[in-house]
Amino acid sequence: MTSIVRVGLIGCGNIGARAHAPAYAHIPSAQLVAVCDVNTTRAHAVARATGATPYFDYHEVLARDDIDAVDICLPTYLHAAVSVEALRQGKHVLCEKPMAVTLEEADAMITAAREANRVLMIGHVRRFDPRYTTVKHALVQGEIGHLVHVRRAERQHLPFPGDAWYWHPHAGGGIFLDIGVHVTDLFHWYFATEPETIFALGRQIRPEAQAARSFDHAVLLITFPDGRIAQAEISWAYPPHFGRSQYALLELIGTQGRLVYSDRDAAPMLVYDSNDGLDLPTYFRFMSALEEAFVAEIAHFIAVVRGEAELLITPEDARTALALAIAAETSAREQRPVSWQEVAP
Amino acid sequence: MKDTVGLAVISYAHLHAPRYTAAIVEHPHARLVAIVGYGENAEVARAEAQRYGVPYCTTLDDLATLSGVDAVYLASEPKDHRHLVAWASEQGWHVLCDKPIATTLTDAAAIVHIAQQAGIKLMVPFNPRYQLPVQRIKSELESGEAGELIAVNALKYGKLPVWAQSPQRAEWFLDPARSGGGGFLDIGIHALDALRWLSNSDPARIYARVGTYIHTGQVAEDLGTLVVEFANGVIGTLSAGWVNPQGFPGWLDIGFEVLTTRRAYHVYSPYHSLSIYTQDRAERRAWWRRDVYGLVDEFVSAIQEDRDPAITGEDGLIALAMAFAAYESSRTGQVVEFKEWLQRQLKPLSSSTRTGETPP
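Chains A and B are the protein sequences, given in the same order. Everything in the first sequence is counted per the numbering used here, starting at 821 for the first residue and increasing by one. Everything in the second sequence is counted per the numbering used here, starting at 18 for the first residue and increasing by one.
It is possible that some hints are incorrect.
What the hints assert, rightly or not - Simulated restraints on C-beta separations:
(1) A:Pro981 / B:Arg153: 42 to 48 Å
(2) A:His966 / B:Arg361: 20 to 26 Å
(3) B:Pro45 / A:Arg1153: 52 to 58 Å
(4) B:Asn217 / A:Arg1033: 44 to 50 Å
(5) B:Glu162 / A:Val858: 41 to 47 Å
(6) A:Ala958 / B:Ala299: 48 to 54 Å
Hints listed in this document are in silico derivations from the structure and should not be mistaken for laboratory results. None of these values were measured; they are calculated from a predicted model. Note that beta-carbon positions come from the ideal geometry of N, C-alpha and C, so glycine has one too.
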């Protein structure tokens, strides 16, 4: 395909409206032609901002023959059903992470993509973030030798109310799924091999998590062959205002050296304000990913659809990230290490 | 109350010895009586004795003839701790015993028992308890100001001991028969104690991976990563070892990340430091090791006030057991139920802990 890829955005919530929709203006080979949300106000707002046509029922977007691909930014529990339907309608699919809530759903998505012979890409945006691609490049170049240990943290005060789908175990999957897949995919990407065991502890700290009976704080320890270790803390239970310049941390140990990144490194200025006190201003609209990362992610999807590139993250990779996140939650709930074999395809 | 506590330093095997000797000399209520050149680095011990103008003893018997000794600081190889604690207790002297308390749980239990029977103060110096930021966190947890503790992540990375720019030889650190283990034990044990201290609880379950990744064939282990769930539900993690490359600016990289229901604390440099850059070197150097002075002060005060020191031999034993439980978890791939595991480790020992002799 060499023509412009015509895209319908399904889901105009936080990530759809703020991260994905504006990205298309920076991708000449794609055109956002339709935007859809059951919330008509949101759909209209994004339509106005992008010049796309608003829809309130995604079936109407899928029914449009002039749409080549859909960009699914729905709550996690809707990912599989809408992706499968879209693939069966012959659309290429870019779907936000986490891939799905269950592995059965993820496998159905992979099968649907194969049967329809369409591109299925899960939006693991860290893989397109210049911070994390720079780290990957350094690893591939052998700058710190052979990777033996990764410590990762993604932590904040989740600003969404208790009825938001993020908190709910079967809708967003809580911290283990929503943030868990980010860290497990990063581990899998960096170690570039299959894991062996998963151990995790989970906590329900905030009232929102307790009410939803989902976890909002967790530590993970995932081992890879030769005893190599990945450790993570993921949390929505940090105090209000935490996050921003302190959100992410990444520390790597290799046989020849160490590599350390923290979001403090991306917030290189201190500001004292007579009203607000001390702050480290950040330079990105989003706390956890650069806007450029979303543009790169979507541009890559478009390139794959156009036959110009191979998927940098396959649906099987995304399934692995999900399987590890689910295994971590199983470990936390059942208080035992979980073998990769239990969740491997 | 004793106005001055007389202290002798036994052995310069441990790289900590010069720093503790300096803190003893500096302390207004401590008096350095003598230095004993026991085991490795006797020539450094001799030079230090000369520098401080105190008698240098080549044997323990020489030290026993001196008057004015109330207590000893042991900086020997850990394998010698049991023998030295037994000997000091026979003199009626209190013991500040550097970490790890011993190379085996058998010896650790014996040391605790010997000190109890002899009625001497036994303290193990774990630095984080006297690092000012960690102390601040502890006090804000105790006052309730910080709310409930949720989790503590600790980091402790150092360099391979034999890389130290020191006149002291450090090869013994690499031999687990002499030191008790490798890098995870050597520097991680401070943080294991700190996790337990901050959590104000005892470990319930430990899961860990420990191994040799970098200095293959040279060490027992150079890196370990542990997750501990305390009995009160607090989560602790530790990543520790001899993993800093030669190019790391300075020796140690220490971190504590503490989350409570009200606060998050990040301590990435517990010491008061400065940076030095030269044509071929970058170094971050601590200019105030308040922790060492605080540890010596606590030991001296406990003797003066005739009370238990803030860090006891039992604390030293449990920290060692946590490290060994991490070895066990790593070996089996299973979670170690700490209390039951420790009881099983100590039970067969109860008959052999009565004397200072190492069992055959």
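For each hint, the structure was consulted:
Roughly 34 Å separates the CB atoms of Pro981 (chain A) and Arg153 (chain B), a value that falls outside the hinted 42 to 48 Å. Checked against the hint of 20 to 26 Å, the C-beta distance between His966 (chain A) and Arg361 (chain B) comes to roughly 37 Å, which is inconsistent with it. Between Pro45 (chain B) and Arg1153 (chain A) the Cβ separation comes to about 56 Å, which falls inside the hinted range of 52 to 58 Å. For Asn217 (chain B) and Arg1033 (chain A), the hinted distance range of 44 to 50 Å is not satisfied, since their beta carbons lie about 28 Å from each other.
Restraint check, Glu162 (chain B) to Val858 (chain A): a C-beta distance of roughly 46 Å satisfies the suggested window 41 to 47 Å. In this structure the supplied range 48 to 54 Å is violated for Ala958 (chain A) paired with Ala299 (chain B), their Cβ-Cβ distance being about 19 Å.
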